Amino acid sequence: MQTVSLEAMFRANKQLSRKALAPFVTAGDPNIETTLEVLEAIDRAGASLCELGVPYSDPIADGPVIQSSYTRALAAGMTLDGLFSLAKQATQRVQMPLLAMTSYSLIFRRGIERFVTDAAAAGLVGLVVPDLPIEESDPLDAACREIGVALVRLVTPTTSPERAEAIARKASGFLYCVAVAGVTGERTALPTGLVERVKWLRTKTDVPILVGFGINSPEQARAVAEVADGVIVGSAVVRHLAAFTTQPRCDVVREIEEYVGQLVAAVTD
Amino acid sequence: MPSPQVTPTAISNVPDALGRFGRYGGRYVPETLSAALDQLERAYEDAQADPSFSAKLDSLLAAFVGRPTPLLFAERLTAYAGGAQIYLKREDLSHTGAHKINNTLGQGLLAQRMGKQRIIAETGAGQHGVATATACARFGLECIIYMGEEDVRRQASNVRSMRLMGAEVRPVTSGSRTLRDAINDAMRDWMGSVETTHYIIGSVVGPHPFPRIVRDFQSVIGQETRQQCLRQFGRLPDTVVACVGGGSNAAGIFYPLVDSPEVQLVGVEAGGRSDKAGDNAASLSFGRPGILHGSLSYVLQNEDGQTSDVHSVSAGLDYPGVGPEHSYWRDAGRVQYKSVTDGEALDAFDLVARREGILPALETSHALAWAVKEAALRSQDEILVVCLSGRGDKDAAEIARLRGLTNSEIAD
Numbered sequence: 011m012q013t014v015s016l017e018a019m020f021r022a023n024k025q026l027s028r029k030a031l032a033p034f035v036t037a038g039d040p041n042i043e044t045t046l047e048v049l050e051a052i053d054r055a056g057a058s059l060c061e062l063g064v065p066y067s068d069p070i071a072d073g074p075v076i077q078s079s080y081t082r083a084l085a086a087g088m089t090l091d092g093l094f095s096l097a098k099q100a101t102q103r104v105q106m107p108l109l110a111m112t113s114y115s116l117i118f119r120r121g122i123e124r125f126v127t128d129a130a131a132a133g134l135v136g137l138v139v140p141d142l143p144i145e146e147s148d149p150l151d152a153a154c155r156e157i158g159v160a161l162v163r164l165v166t167p168t169t170s171p172e173r174a175e176a177i178a179r180k181a182s183g184f185l186y187c188v189a190v191a192g193v194t195g196e197r198t199a200l201p202t203g204l205v206e207r208v209k210w211l212r213t214k215t216d217v218p219i220l221v222g223f224g225i226n227s228p229e230q231a232r233a234v235a236e237v238a239d240g241v242i243v244g245s246a247v248v249r250h251l252a253a254f255t256t257q258p259r260c261d262v263v264r265e266i267e268e269y270v271g272q273l274v275a276a277v278t279d
Numbered sequence: 215m216p217s218p219q220v221t222p223t224a225i226s227n228v229p230d231a232l233g234r235f236g237r238y239g240g241r242y243v244p245e246t247l248s249a250a251l252d253q254l255e256r257a258y259e260d261a262q263a264d265p266s267f268s269a270k271l272d273s274l275l276a277a278f279v280g281r282p283t284p285l286l287f288a289e290r291l292t293a294y295a296g297g298a299q300i301y302l303k304r305e306d307l308s309h310t311g312a313h314k315i316n317n318t319l320g321q322g323l324l325a326q327r328m329g330k331q332r333i334i335a336e337t338g339a340g341q342h343g344v345a346t347a348t349a350c351a352r353f354g355l356e357c358i359i360y361m362g363e364e365d366v367r368r369q370a371s372n373v374r375s376m377r378l379m380g381a382e383v384r385p386v387t388s389g390s391r392t393l394r395d396a397i398n399d400a401m402r403d404w405m406g407s408v409e410t411t412h413y414i415i416g417s418v419v420g421p422h423p424f425p426r427i428v429r430d431f432q433s434v435i436g437q438e439t440r441q442q443c444l445r446q447f448g449r450l451p452d453t454v455v456a457c458v459g460g461g462s463n464a465a466g467i468f469y470p471l472v473d474s475p476e477v478q479l480v481g482v483e484a485g486g487r488s489d490k491a492g493d494n495a496a497s498l499s500f501g502r503p504g505i506l507h508g509s510l511s512y513v514l515q516n517e518d519g520q521t522s523d524v525h526s527v528s529a530g531l532d533y534p535g536v537g538p539e540h541s542y543w544r545d546a547g548r549v550q551y552k553s554v555t556d557g558e559a560l561d562a563f564d565l566v567a568r569r570e571g572i573l574p575a576l577e578t579s580h581a582l583a584w585a586v587k588e589a590a591l592r593s594q595d596e597i598l599v600v601c602l603s604g605r606g607d608k609d610a611a612e613i614a615r616l617r618g619l620t621n622s623e624i625a626d
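Heads up: the protein sequence lines correspond to chains E and G, in order.
Residue numbering for the first sequence follows the working numbering, starting at 11 and increasing by one per position.
Residue numbering for the second sequence follows the working numbering, starting at 215 and increasing by one per position.
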C-alpha cells in the first residue's frame, strides 16, 4: 500500500459523495511501533487523511489532552529523526495521506530547507504549522512550494474578513478553519456562526476547507460536513492514546478504529 | 511616554513594522492571537500620540510608584571593591519593591483604553505578579496570575501579597513548574479569552509588540539614570550593569543609553550551577537563535528545537529564553553579556546586605556579583551603575532554606 496525494484523495471523496475525516495522532505516544498500528487502524476505519502531531515541549495552542500526550511522547524519547522514520514506514503501510502538525520552533531549528526536504522524503504531503502566521511564513512557504509539500493555513474566529481572504489566497492543500477561539480540546456544542463562516470562506477560495478544534461527536462531525469538505478530530482521538499505559494495546487500537469508523460514517452520505 | 529622537541608523531605531530587532523578534503565534496583537499595537500607537496618556502614567509613576527612584552611592561596597565608584539605581524603592510596576501600570492603562476588564499575567519570582495585582487593584480590573508550582513554593510571600490584593493565583503544574510553564498557561488562557482579556506580559519577551511596549515602559529607569548622572557627575557613567532573565530591567536601563557609545553596557545572566546544559539559564551565553513564546531570540534548546530545562537559584532568571532586543544588542556587540553562578549571587546578596543595609533580590544579586568583581579591576575615577532591580525580602526564606541545606550537607 502507498499513500495517495491530497488532490487525489479529495477527488475520490467527491465521487464517493463523502467528506474527509482527518484524525490527529501524536507521533510516538506511547512509542513509534504503536503509532504505526494506530495509523493502520485509522486507515482501515476509512479516514481520508491523518495529521501526525509532532511532540513539542511548549505547545501554547494545545489544551491539556494533547499537551500531556506530547509530554509522554517526548519522555519516551520521540525525536524529529524518529518522526521522519515513522512517517516513512507509515506511508508504505497506509493509503491516507499524512501531514505533520508541528511548531515552527522545530522547523526553524532544523533549518527550513532541511525540514521540508526530510518531510517530503518521508512521504509527508503537507505541514500544518499553527504558530506561524502569514506575516512570518514566506521563507517556509517558498521552501514548501519548491519541494512540493502543502503548507496548510489556518483561519480562526478572531481572524478579520480581510485577513481571512489574504490567508485563503496563500492556502495550499486545504484551508484549516479553526472552529473556536481557544486551545485544542473537546467542546460539547458547535460554536454559533461556524456554519456561516465556512460558507463565507467557501466563496473566497477553491481549496478544500476542513474544520477542526473542539469536535468529538459523530453529530458534530455530521453537522460540520454539511458545509465543509472535512472534519479534523484531535483531542478525542489522542485521549485514547493515554489508555495504552493501562490497557492491552490491541483493545485500545480496536477502540480507536471503532471510534474513527463512527466519525467516518457520520461524514459519509 | 518615551519617544527618543533618533537617527534612522541609530541602534535604538528598532523594532521595524514587523517587530524585528535586526533578525530577532517577530510574531510566531497562533492565528487566534493575531487580531489581539494588532489591536494592542494600534492602542499603543494611539496612546503614544495622546498627551493625556503619558500625563496619567507620569502622575502615577510619581505619586503611586514614588519615581524618580534615587541613584545611591554605595560607599561601603565601593570601599570593599577598592576600585570604581559603585552607584545603585534604586528600583527596589519603587512601590511593590521592583521595577515591574513601571510596565504593569502602563499596560493596565492600555487595557483600559482597549476596554478589556480582565487581566492575566505570568510570574516567576512573583514581582511581576505582585505588580500586576497592584495595577489591577488600582484600576479595578479582574486579575489572574499564572505561577509555576515550584515558584509558588519558593516565593510564597509574593503569593500572599497577590491574593491580599484580590488576584487569583493559579499554580502551574506542567513541565518544569517554573516561569516558562507559567507563560505557556497564560498564553493558553489568552487563546480562549482574547476578546475580553489583556495579557500583561512581564518582560521584554513574547510576540510583537510586547518586547517594544515593555521596553518603552521600562525606559523610565534609563532616562532617570541618564539625567541623574549628568546632574551628579556632569557626565554619563562608564559602565551600567543589570541582570538579565527575560531582560526587562536591563532593557529599561540600557535603552536610553544604547546610542551613547561611551557607556559600556553589561547584562548578567544566571550561570546557575555550571556551564553544562540544564545547569544554568544563560541563553545569550550558552544558547543559540531559536523560537520560544512567540519571538525569535537566543534560547536554550536541544538539537530538535525542544526547550531545555534550565536552572537558576533565582526564580526570576529561571527562564530558557531572553528578549529579542538583547539578542540584537549581543550580535551588534553593543551590550556584553556575562554570567554569574548561584553561589556568586548568594555571596553578593550577603555582601550587599551587610555592607549597604539593602537586601537585594536574588535576581539583582547576579548583577551585583559581577559589578563588585569588575569594580575591583577599574580605576577609582570610573563610575559603575548597577540597576538594583528589586528588593530581596521575598528571597529571605528561600535563602535561609538554601543555607540550611548547605549547613546540613557540611554536617554530613
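Don't take every hint at face value.
As the list claims (entries may be wrong) - Beyond 10 Å from chain G on every Cβ pair, some chain E residues (computed): (1) Q77; (2) R119; (3) E123; (4) P143; (5) E145; (6) P167; (7) S170; (8) E175; (9) R179; (10) V193; (11) T198; (12) A252; (13) E267.
Stated by the list, open to error - Residues from chain E shown here face chain G by an in silico Cβ test under 10 Å; the list is partial: (14) T44; (15) S67; (16) L84; (17) T89.
In case anyone wonders, no lab produced these hints; they're calculated from the structure.
Because the structure is a prediction, the values reported are computed rather than measured.
Using N, Cα and C, we set each Cβ at its ideal position, and we do this for glycine too.
Checked hints:
1. The claim that Q77(E) lies off the interface is violated: its Cβ sits roughly 7 Å from the closest Cβ of chain G, which falls inside the 10 Å cut-off.
2. Some Cβ of chain G comes within 10 Å of the Cβ of R119(E); the nearest lies about 3 Å off, and the non-interface call is violated.
3. Once the 10 Å rule is applied to beta carbons, E123(E) is consistent with being away from chain G; the minimum gap is 15 Å.
4. Annotated as non-interface, P143(E) brings its C-beta within 10 Å of a C-beta of chain G; the closest such distance is 5 Å.
5. In this structure E145(E) is not separated from chain G by more than 10 Å, as the shortest Cβ-Cβ distance comes to only about 6 Å.
6. With a least CB separation of 8 Å from chain G, P167(E) falls inside the 10 Å interface cut-off, contrary to its annotation.
7. Against the 10 Å criterion, S170(E) falls within the reach of chain G, whose nearest CB is about 6 Å from its own CB.
8. Even its closest Cβ contact with chain G, about 14 Å, leaves E175(E) beyond 10 Å, as expected for a residue assigned away from the interface.
9. With 10 Å as the threshold on Cβ separation, the claim that R179(E) sits away from chain G holds: the shortest Cβ distance comes to roughly 15 Å.
10. Once the 10 Å rule is applied to beta carbons, V193(E) is inconsistent with being away from chain G; the minimum gap is 5 Å.
11. No beta-carbon of chain G is positioned within 10 Å of the beta-carbon of T198(E); the least distance is around 15 Å.
12. At roughly 15 Å, the least C-beta separation between A252(E) and chain G is larger than 10 Å, which holds for a residue marked as non-interface.
13. With a least beta-carbon separation of about 30 Å from chain G, E267(E) lies farther than 10 Å from that chain, consistent with its non-interface assignment.
14. Taking 10 Å as the C-beta contact cut-off toward chain G, the hint placing T44(E) at the interface is violated, the least distance being around 21 Å.
15. Of the supplied interface hints, the one on S67(E) holds, with its beta-carbon coming within about 4 Å of a beta-carbon of chain G, less than 10 Å.
16. The interface hint given for L84(E) holds, since its Cβ lies 7 Å from the closest Cβ of chain G, which is under the 10 Å cut-off.
17. With 10 Å as the threshold, the beta carbon of T89(E) comes within range of chain G, its nearest partner Cβ sitting at about 6 Å, so the hint holds.
Hint check: violations occur at hints 1, 2, 4, 5, 6, 7, 10 and 14; the rest are consistent with the structure.
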